[in-house]
Amino acid sequence: MAPKKDVKKPEPAKPAAPAKPAAAPAPAPAPEPAPAPKAPAVDLSAVKLEFTPDQLDDYKEAFGLFDRVGDNKVAYNQVADIMRALGQNPTNKDVAKILGNPTPEAMANTRVDFEGFLPMLQTVVNNPQKGTYEDYVEGLRVFDKEGNGTVMGAELRIVLCTLGEKMSEAEVDALMQGQEDENGCINYEAFVKHIMSV
Amino acid sequence: MGCGATKSNELQAALLIQRWYRQYVARLEMRRRCTWHIFQSIEYAGEQDQIKLYNFFGYLMDHFTPANSERNLISHIFRENEICRDIEWERYFCYKNIEVPELYSGPHLSFPLTVSNVADLVEAFKNKQQLHTRYVLQLLLESWKLLRMLPNINQVSTCQTKEITICGDLHGHLEDLLLVFYKNGMPSVEKSYVFNGDFVDRGKDSIEILLILFAFMLLYPNNVHLNRGNHEDYIVNLRYGFTKEVLGKYRLHGKKILKLLQKIFSWLPLATVIDQKVLILHGGISDTTDLNIIAQADRHKVKSTSFLLIVDMLWSDPMPQDGCIPNEVRGGGCYWGPDVTEKVLRRHNLQLLIRSHECKQEGYEFCHNRKVLTIFSASNYYEVGSNRGAYIRLGPDLVPHFIQYQANRSTRELTLRQSVGETERSALRALREQLFAHKSDLLYAFQDYDTDNTGWISLKHWATAVEAVLRLGLPWRVLRSQLVTTTQDGMLDYQGWLRELPITEPKTESLLETMYKQRSNLETIFRIIDSDHSGLISFEEFRQTWKLLSSHLKMEISDEAILDMAVSIDFNKDGSIDINEFMEAFRLVDRTMNLPSEPNHTKTDE
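So the protein sequences, as listed, match chains U and X.
Here the numbering used here = 1-based position in the first sequence + 191.
Here the numbering used here = 1-based position in the second sequence + 10.
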């Protein structure tokens, strides 16, 4: 892709468009099971930005790295990754909600510019879910059936692939590479230390 | 503990880990993109230097009125461009006097080549053997004779063979070529191939790749088509490792082989068209590309009238925006937009442009509404784990199918993090070199921002200044944490930082710095002057070279300063300078700046 320095000047920043809710849901054939009633999509135009100029410069640069097309925008399906690259830790569901729960097609084809991205990022920053070392260790301790500081790699794999925001086999392989000992066990405190040092 | 509570704990734990993992991957991905950016910028900046060198020589040709001694030097440099009659060339490259000794255990070739000859050749190279000079020269001579008869643009049809395979840049990566043959089958009358240029330089088996490709071309002239790349060029080879590789592998006759290749490269066809619908060439197009004009050109002549059109075909890159602008990053060719693609394809009734020239992480990439396809066949190009290679299979429906691969240099499996980390370390090393080479300019730029002369500037100004000096288009703020270790309240002690860049503090700082920055150019010039490839140039030639370069750079360098430098680098044996020793001095500077733990993955070594 051509480096950006010798292309024409970027268009002046457009005001952020508030995220529209996804098209009215089709009438459900049966009443939905009762989770909490869906809150209206996040109103991004009401979000007050609290970033310092330095932070804005940093974020803008990182944002540019994810723009594969050269239009100073990124696709909806990249928004979660950029936030994570910038140190936030939203779930995919959190991000989908901020984007207005778009269809998979909209996720791939809708693009947002930097000014539109900032309120999304601020929303996530305002609802931090940072994990500490203790949180992750506690999280893994759940699987420590023998209470000896290790978890079975195989069991962890199954859980990660079937529960929550499921991971693919390839993702789990990448996660666990080099961590299991010859009995297929993982010392989870060491594991967490290792993964947190990225 | 109730069942429900356990399940909920497990779910929470799973969510936690999954969320963590996705953050980890995203952060790695950003580092990977940065690293990619670094390598690409530096690679293209190097090519830019190369074109500047071309222009420098062109300028000399046109404008210089040299004093007597310098006239000799210049005619020295341009001796390569003499036009000899073909008969004289054939006699010069005569292989008949070269005996193949009994002890030679490599493959024997007979001409015309047979299938088993070529199979033996591939097998031998797989086993790290070398082809004897006699056969090399013979093979090259036959190749030259064939290439001379080919048109500038090969016309190929899928009705003869059902499918055509297209490979991109190989850059001396023999393991990738062998992998392609393994997965796809070797060329034959049933299996046509197009190789889209850049067979040599950077990787360590360039000559082997070339010999294999030429052998198949001779064996199946209707089925194996070679397009010229920007690296099939003897001046580029001087810089990017092919010349060094040949001289290292063929100590006695390397020079002859190189001279013959110089001719051969200029005779390589420029493009291939499939079914009059798919255009394949190495770099790209410009808004002046006209295949009818190109078909008429004298492609082997250095200064042919279509010279610029040809440069465009070998050096250009696509861009997302409409238009056509000079390619200032590479220094040659242009950037062309989707409107130009539309125009040129329509002009010639084509439906797809396939090109190479740019490394892509997945080995291939579409752009311009899927009208332009980049194919790149050297995996692990920047570093182990940096990218996959790919090739295309095209049937009569002209719909491309892709096969991707990645050759493993070693059998160890790298974790995602390790492979990103290694590539990153390599890139940062290269980047620190660049910073060091521009130290003086950086200092001036920093001082501009430090109006009160405090010795401190903000990180924001640091990033702006560095980009203004290096002009690599890199995300400096993102890279900051890797390049700048000590800051206070968002401010940087820039002199301290600059001091940390190199380890040795040379006496004649700015002169050494300039030489360091220009070392690739210097090496190229030296190798041109050393036209008999002996590895030695006289002290007088060295001095004249330096003066030429300094006038081009508009720098004042006195004779005493050059002498001082020569003395301090300590190379005055018999009034001649060993080029390799001179360049070694720079490699020593490299090494002191490096982080620990070789292995060294640079492409021109070995």
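Hints were generated in silico from the structure; no laboratory data involved.
What you are looking at is a predicted structure, and each value in this text was computed from that prediction instead of being measured.
C-beta atoms are modelled at their ideal positions from N, C-alpha and C, and glycine is treated no differently.
Be aware that one or more of the hints could be misleading.
[Said to hold, decoys possible] Listed below are the simulated DSS-like cross-link pairs for lysine-lysine, each with C-alpha atoms no more than 30 Å apart in a straight line:
hint: 1; chain 1: X; residue 1: K265; chain 2: X; residue 2: K311
hint: 2; chain 1: X; residue 1: K138; chain 2: X; residue 2: K172
hint: 3; chain 1: U; residue 1: K251; chain 2: X; residue 2: K470
hint: 4; chain 1: U; residue 1: K239; chain 2: X; residue 2: K254
hint: 5; chain 1: X; residue 1: K287; chain 2: U; residue 2: K357
hint: 6; chain 1: X; residue 1: K370; chain 2: X; residue 2: K381
hint: 7; chain 1: X; residue 1: K254; chain 2: X; residue 2: K287
hint: 8; chain 1: X; residue 1: K155; chain 2: X; residue 2: K311
hint: 9; chain 1: X; residue 1: K17; chain 2: U; residue 2: K284
hint: 10; chain 1: X; residue 1: K470; chain 2: U; residue 2: K264
hint: 11; chain 1: X; residue 1: K269; chain 2: X; residue 2: K287
hint: 12; chain 1: X; residue 1: K311; chain 2: U; residue 2: K251
hint: 13; chain 1: X; residue 1: K254; chain 2: X; residue 2: K311
hint: 14; chain 1: X; residue 1: K136; chain 2: X; residue 2: K201
hint: 15; chain 1: U; residue 1: K284; chain 2: U; residue 2: K357
hint: 16; chain 1: U; residue 1: K264; chain 2: X; residue 2: K155
hint: 17; chain 1: U; residue 1: K336; chain 2: X; residue 2: K17
hint: 18; chain 1: X; residue 1: K201; chain 2: X; residue 2: K155
hint: 19; chain 1: U; residue 1: K384; chain 2: X; residue 2: K136
hint: 20; chain 1: X; residue 1: K17; chain 2: X; residue 2: K138
hint: 21; chain 1: U; residue 1: K251; chain 2: X; residue 2: K254
hint: 22; chain 1: U; residue 1: K239; chain 2: U; residue 2: K284
hint: 23; chain 1: X; residue 1: K287; chain 2: X; residue 2: K214
hint: 24; chain 1: U; residue 1: K239; chain 2: U; residue 2: K251
hint: 25; chain 1: X; residue 1: K254; chain 2: X; residue 2: K155
hint: 26; chain 1: U; residue 1: K264; chain 2: X; residue 2: K17
hint: 27; chain 1: X; residue 1: K214; chain 2: X; residue 2: K269
hint: 28; chain 1: X; residue 1: K287; chain 2: X; residue 2: K353
hint: 29; chain 1: U; residue 1: K288; chain 2: X; residue 2: K17
hint: 30; chain 1: X; residue 1: K214; chain 2: X; residue 2: K106
hint: 31; chain 1: U; residue 1: K239; chain 2: U; residue 2: K288
hint: 32; chain 1: U; residue 1: K264; chain 2: X; residue 2: K381
hint: 33; chain 1: X; residue 1: K106; chain 2: X; residue 2: K254
hint: 34; chain 1: X; residue 1: K172; chain 2: X; residue 2: K106
[Stated by the list, open to error] Short derived list, chain X residues pointing at chain U, Cβ under 8 Å:
hint: 35; residue: E20
hint: 36; residue: L26
hint: 37; residue: Y31
hint: 38; residue: E39
hint: 39; residue: Q331
hint: 40; residue: P485
Hint-by-hint comparison with the structure:
Distance check on the hinted pair: K265(X) and K311(X) sit about 21 Å apart at the alpha-carbon level, within 30 Å; holds. In summary, the hint linking K138(X) to K172(X) is not supported, as the alpha carbons are separated by about 34 Å, beyond the 30 Å threshold. Straight-line distance between C-alpha atoms of K251(U) and K470(X) comes to about 13 Å, which keeps the hinted pair within the 30 Å bound. In summary, the hint linking K239(U) to K254(X) is not supported, as the alpha carbons are separated by about 61 Å, beyond the 30 Å threshold.
At most 30 Å may separate the alpha-carbon atoms for a hinted pair to count; K287(X) and K357(U) exceed this at roughly 45 Å. For the suggested pair K370(X) and K381(X), the alpha carbons sit about 17 Å apart, so the restraint of at most 30 Å is met. About 40 Å separates the Cα atoms of K254(X) and K287(X), which puts this hinted pair outside 30 Å; it is violated. Of the supplied pair hints, the one linking K155(X) and K311(X) holds, its CA atoms being roughly 16 Å apart against a limit of 30 Å.
As the CA atoms of K17(X) and K284(U) are separated by approximately 20 Å, the hinted pair is consistent with the 30 Å bound. Pair hint K470(X) plus K264(U) holds up; C-alpha atoms about 23 Å apart against a cutoff of 30 Å. For the given pair, K269(X) sits about 36 Å from K287(X) by alpha-carbon distance, which is inconsistent with the 30 Å threshold. Taken as a hint, the K311(X) and K251(U) pair is broken in the structure, with Cα atoms around 48 Å apart against an allowance of 30 Å.
Among the hinted pairs, K254(X) with K311(X) is consistent with the structure: their alpha-carbon atoms are about 25 Å apart, no more than 30 Å. With a C-alpha separation of about 21 Å, the suggested pairing of K136(X) with K201(X) holds against the 30 Å cut-off. For the hint pairing K284(U) with K357(U), the CA-to-CA distance comes to about 12 Å; that is within 30 Å, so the pair holds. At roughly 52 Å between alpha-carbon atoms, K264(U) and K155(X) are farther apart than 30 Å, so this suggested pair is violated.
Distance check on the hinted pair: K336(U) and K17(X) sit about 14 Å apart at the alpha-carbon level, within 30 Å; holds. Between K201(X) and K155(X) the CA atoms are separated by roughly 24 Å; this keeps the pair inside 30 Å, and the hint holds. A distance of roughly 44 Å separates the Cα atoms of K384(U) and K136(X); the hinted pair therefore is violated under the 30 Å criterion. Note on K17(X) and K138(X): the hinted pairing is violated, with a Cα-Cα distance of about 58 Å set against a maximum of 30 Å.
Taken as a hint, the K251(U) and K254(X) pair is broken in the structure, with Cα atoms around 43 Å apart against an allowance of 30 Å. A C-alpha spacing of about 22 Å is found between K239(U) and K284(U), which places the hinted pair at or below 30 Å, so the restraint holds. Restraint check: the Cα-Cα separation between K287(X) and K214(X) comes to about 36 Å, which exceeds 30 Å; the hinted pair is violated. Only pairs whose Cα atoms come within 30 Å are accepted, and K239(U) paired with K251(U) is accepted, the gap being roughly 18 Å.
In summary, the hint linking K254(X) to K155(X) is supported, as the alpha carbons are separated by about 26 Å, within the 30 Å threshold. Pair hint K264(U) plus K17(X) does not hold up; C-alpha atoms about 41 Å apart against a cutoff of 30 Å. At roughly 20 Å between alpha-carbon atoms, K214(X) and K269(X) fall within 30 Å of each other, so this suggested pair holds. Of the supplied pair hints, the one linking K287(X) and K353(X) holds, its CA atoms being roughly 14 Å apart against a limit of 30 Å.
Of the supplied pair hints, the one linking K288(U) and K17(X) holds, its CA atoms being roughly 25 Å apart against a limit of 30 Å. Our distance criterion of 30 Å between C-alpha atoms is met by K214(X) and K106(X), whose separation comes to about 28 Å. Distance restraint check for K239(U) and K288(U): the Cα-Cα separation of roughly 18 Å lies within the 30 Å cut-off, and the hinted pair is therefore satisfied. Of the supplied pair hints, the one linking K264(U) and K381(X) holds, its CA atoms being roughly 22 Å apart against a limit of 30 Å.
Pair hint K106(X) plus K254(X) holds up; C-alpha atoms about 25 Å apart against a cutoff of 30 Å. At roughly 40 Å between alpha-carbon atoms, K172(X) and K106(X) are farther apart than 30 Å, so this suggested pair is violated. For E20(X), the shortest C-beta to C-beta distance to chain U is roughly 6 Å, which falls under 8 Å, so the interface hint holds. With 8 Å as the threshold, the beta carbon of L26(X) comes within range of chain U, its nearest partner Cβ sitting at about 4 Å, so the hint holds.
Interface hint status for Y31(X): upheld, as the beta-carbon distance to the closest one in chain U is roughly 5 Å, under 8 Å. Because the closest C-beta pair between E39(X) and chain U is about 7 Å apart, less than 8 Å, the hint holds. Satisfaction of the interface hint for Q331(X) is found here, the shortest Cβ-Cβ separation to chain U being roughly 5 Å, below the 8 Å cut-off. For P485(X), the interface hint holds, the least distance from its beta-carbon to any beta-carbon of chain U being 5 Å, beneath 8 Å.
In summary, the numbered hints that this structure violates are 2, 4, 5, 7, 11, 12, 16, 19, 20, 21, 23, 26 and 34.
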